Amino acid sequence: DQQVKQNSPSLSVQEGRISILNCDYTNSMFDYFLWYKKYPAEGPTFLISISSIKDKNEDGRFTVFLNKSAKHLSLHIVPSQPGDSAVYFCAASAHNDMRFGAGTRLTVKP
Amino acid sequence: NAGVTQTPKFRVLKTGQSMTLLCAQDMNHEYMYWYRQDPGMGLRLIHYSVGEGTTAKGEVPDGYNVSRLKKQNFLLGLESAAPSQTSVYFCASRGQGEKLNGYTFGSGTRLTVV
Numbered sequence: 001d002q003q004v005k006q007n008s009p010s011l012s013v014q015e016g017r018i019s020i021l022n023c024d025y026t027n028s029m030f031d032y033f034l035w036y037k038k039y040p041a042e043g044p045t046f047l048i049s050i051s052s053i054k055d056k057n058e059d060g061r062f063t064v065f066l067n068k069s070a071k072h073l074s075l076h077i078v079p080s081q082p083g084d085s086a087v088y089f090c091a092a093s094a095h096n097d098m099r100f101g102a103g104t105r106l107t108v109k110p
Numbered sequence: 001n002a003g004v005t006q007t008p009k010f011r012v013l014k015t016g017q018s019m020t021l022l023c024a025q026d027m028n029h030e031y032m033y034w035y036r037q038d039p040g041m042g043l044r045l046i047h048y049s050v051g052e053g054t055t056a057k058g059e060v061p062d063g064y065n066v067s068r069l070k071k072q073n074f075l076l077g078l079e080s081a082a083p084s085q086t087s088v089y090f091c092a093s094r095g096q097g098e099k100l101n102g103y104t105f106g107s108g109t110r111l112t113v114v
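Order-wise, the sequence lines are chains A and B. So for the first sequence, the working numbering puts the first residue at 1; every next one is plus one. So for the second sequence, the working numbering puts the first residue at 1; every next one is plus one.
Any given hint could turn out to be false.
[To be verified] Partial chain B-side listing against chain A, Cβ under 10 Å, derived: (1) 43; (2) 50; (3) 92; (4) 102; (5) 103; (6) 110.
[To be verified] If you only want the chain B side, here are some residues facing chain A, beta carbon under 10 Å, derived: (7) 6; (8) 27; (9) 28; (10) 31; (11) 35; (12) 64; (13) 104.
If you are wondering where the hints come from, they were derived from the structure by calculation, not from laboratory data. All figures in this text were calculated on a predicted structure; none of them were measured in a lab. Every residue gets a Cβ at the ideal spot worked out from N, C-alpha and C, and that includes glycine.
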């Protein structure tokens, strides 16, 4: 039973435009939510996080939004750059472990 | 550089063989994790540890065993490898009370079971 879902396997955007990656979860016990970025042949790297007591967290070009009532979070990248092209994983944590979504491959075209 | 080191990086096993994947971290982290990544499935948690001498099952623990005899090391064992265990394995760690800082991941071990 996948508790964290990323329903879009891929997304393509033009350089300079906004990228919006979406994630849904089912477990209401999750209290922390994170986004990771992954390049081929490397491990995931932490990007940005948000706790369940907030609805928005911003770090430079990256903003994460959390809608607890809808059990939905999203990652906004503005402006998108070609170097942002990677696979993005949504993750959620309750207690001591973390569950990941299947990932969305973002391609930013010059 | 400080971080998480996984050995080996690549391995090919025959069905029924055994092997151990080693994960080492030098950040004095309490928590360590083993994940496997498969196409279309994302990362799935195999086992984890909340401290030296402790282990716990994750989402997909069957066919794997783990040990955390030293704080800095977390070993993942396959007693009798099966083709279904062909995957990329990632180890990760985090410090206590650092949930919002995310995990630090190793670069992965690509395992093929033939």
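Hint-by-hint comparison with the structure:
no.: 1; hint: 43; verdict: 4 Å, holds
no.: 2; hint: 50; verdict: 5 Å, holds
no.: 3; hint: 92; verdict: 8 Å, holds
no.: 4; hint: 102; verdict: 3 Å, holds
no.: 5; hint: 103; verdict: 7 Å, holds
no.: 6; hint: 110; verdict: 9 Å, holds
no.: 7; hint: 6; verdict: 8 Å, holds
no.: 8; hint: 27; verdict: 13 Å, violated
no.: 9; hint: 28; verdict: 17 Å, violated
no.: 10; hint: 31; verdict: 7 Å, holds
no.: 11; hint: 35; verdict: 7 Å, holds
no.: 12; hint: 64; verdict: 15 Å, violated
no.: 13; hint: 104; verdict: 8 Å, holds
When held up to the earlier numbered hints, the structure conflicts with 8, 9 and 12 and fits the remainder.
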